[in-house]
Amino acid sequence: MSFLHTTRMDLLERLTLHLKRDIALLAEGFDSGAGVLNQVGKRFIQVDERYFVPASMQEIVLFDVRKKGAGPLVNVQTAYADTFEAVLLRTGTDFIELLVNRAGEEEELVVLIPLSRIVWIEFAQS
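No gaps in the numbering here: position 69 of the sequence shown is 1155 in the numbering used here, and each next residue is one more.
In short, the hints are calculated from the structure, not lab data.
Do not take every clue at face value.
In silico SDA-like pairs for lysine to any residue, Cα to Cα no more than 25 Å straight-line [as the list claims (entries may be wrong)]:
id : residue 1 : residue 2
1  : Lys1128   : Phe1116
2  : Lys1106   : Ala1210
3  : Lys1128   : Pro1158
4  : Lys1128   : Asp1168
5  : Lys1106   : Arg1176
6  : Lys1128   : Thr1093
7  : Lys1128   : Ala1113
8  : Lys1153   : Arg1094
9  : Lys1153   : Gly1115
10 : Lys1106   : Lys1153
11 : Lys1153   : Asp1180
12 : Lys1153   : Glu1099
13 : Lys1153   : Thr1179
14 : Lys1153   : Asp1108
15 : Lys1106   : Pro1200
16 : Lys1128   : Val1151
17 : Lys1106   : Leu1175
18 : Lys1106   : Val1139
19 : Lys1153   : Arg1176
20 : Lys1106   : Arg1136
21 : Lys1106   : Val1151
22 : Lys1106   : Thr1093
23 : Lys1106   : Asn1124
24 : Lys1106   : Asp1134
25 : Lys1128   : Asp1117
Ranges between beta-carbon positions, derived for each pair [as the list claims (entries may be wrong)]:
id : residue 1 : residue 2 : range
26 : Glu1135   : Arg1094   : 29 to 35 Å
27 : Val1205   : Lys1106   : 31 to 37 Å
28 : Phe1170   : Thr1093   : 19 to 25 Å
29 : Thr1092   : Val1139   : 19 to 25 Å
In this text, a Cβ means the ideal position worked out from N, Cα and C, and glycines have one as well.
With the sequences and hints as input, model every part of the structure.
Following this line, the structure appears as structure tokens:
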């Protein structure tokens, strides 16, 4: 798998697949907590009764996602956090989708990160 081979899906299209299910949004100094994704527009998404710009988020956590298949193990460096290890599930035109195991979480999280927040990605040594 090459990082250059992306799906033609963008972040908003990926979020459309998750309508009426729970997500959490994280940005600098902001954590929305879980809320229902009600609508995906051309530039905004509606979570509960508020509107957000998905590209401005650091991470979007998708809840209740079937974690099917396995991708390559990667190390990821973002503009907002230390390097972490994750499983690369999907690379879209403007986002990556990762399966992340974080300390303090009961289960692995499916996380969408806009590419504008990514500094580098490398395949982890096995």
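So, going through the hints one by one against the coordinates:
A distance of roughly 23 Å separates the Cα atoms of Lys1128 and Phe1116; the hinted pair therefore holds under the 25 Å criterion. Between Lys1106 and Ala1210 the alpha-carbon distance is near 34 Å, which puts this suggested pair outside the 25 Å criterion. Restraint check: the Cα-Cα separation between Lys1128 and Pro1158 comes to about 31 Å, which exceeds 25 Å; the hinted pair is violated. Pair hint Lys1128 plus Asp1168 does not hold up; C-alpha atoms about 31 Å apart against a cutoff of 25 Å.
For the suggested pair Lys1106 and Arg1176, the alpha carbons sit about 21 Å apart, so the restraint of at most 25 Å is met. Under the criterion of a C-alpha separation no larger than 25 Å, the hint pairing Lys1128 with Thr1093 is consistent with the structure, at around 19 Å. Restraint check for Lys1128 and Ala1113: satisfied, since their Cα atoms lie roughly 20 Å apart, inside the 25 Å limit. A distance of roughly 21 Å separates the Cα atoms of Lys1153 and Arg1094; the hinted pair therefore holds under the 25 Å criterion.
About 29 Å separates the Cα atoms of Lys1153 and Gly1115, which puts this hinted pair outside 25 Å; it is violated. Restraint check for Lys1106 and Lys1153: satisfied, since their Cα atoms lie roughly 18 Å apart, inside the 25 Å limit. Between Lys1153 and Asp1180, the direct Cα distance comes to roughly 21 Å. Compliance with the 25 Å bound is thereby established for this hinted pair. The hinted pair formed by Lys1153 and Glu1099 meets the criterion: a straight-line CA distance of about 19 Å does not exceed 25 Å.
Straight-line distance between C-alpha atoms of Lys1153 and Thr1179 comes to about 21 Å, which keeps the hinted pair within the 25 Å bound. For the hint pairing Lys1153 with Asp1108, the CA-to-CA distance comes to about 15 Å; that is within 25 Å, so the pair holds. Restraint check for Lys1106 and Pro1200: the C-alpha separation of about 21 Å stays at or below 25 Å, so the hint holds. Using a Cα cut-off of 25 Å, the hinted pair Lys1128 and Val1151 holds, with the two alpha carbons roughly 23 Å apart.
Between Lys1106 and Leu1175, the direct Cα distance comes to roughly 22 Å. Compliance with the 25 Å bound is thereby established for this hinted pair. Distance check on the hinted pair: Lys1106 and Val1139 sit about 18 Å apart at the alpha-carbon level, within 25 Å; holds. The suggested pairing of Lys1153 with Arg1176 holds, with an alpha-carbon distance near 12 Å, which does not exceed 25 Å. For the suggested pair Lys1106 and Arg1136, the alpha carbons sit about 14 Å apart, so the restraint of at most 25 Å is met.
Among the hinted pairs, Lys1106 with Val1151 is consistent with the structure: their alpha-carbon atoms are about 12 Å apart, no more than 25 Å. With a CA separation close to 23 Å, the supplied pair Lys1106 and Thr1093 stays within the 25 Å bound. In summary, the hint linking Lys1106 to Asn1124 is supported, as the alpha carbons are separated by about 5 Å, within the 25 Å threshold. Under the criterion of a C-alpha separation no larger than 25 Å, the hint pairing Lys1106 with Asp1134 is consistent with the structure, at around 10 Å.
Straight-line distance between C-alpha atoms of Lys1128 and Asp1117 comes to about 23 Å, which keeps the hinted pair within the 25 Å bound. Checked against the hint of 29 to 35 Å, the pair Glu1135 and Arg1094 passes, with Cβ atoms roughly 32 Å apart. Range check, Val1205 to Lys1106: about 33 Å between beta-carbon atoms, so the 31 to 37 Å window is met. Roughly 23 Å separates the CB atoms of Phe1170 and Thr1093, a value that falls within the hinted 19 to 25 Å.
The hint said 19 to 25 Å for the Cβ distance between Thr1092 and Val1139, and at roughly 21 Å that hint holds.
Violation of the numbered hints given earlier is confined to hints 2, 3, 4 and 9; the remaining hints are satisfied by the structure.
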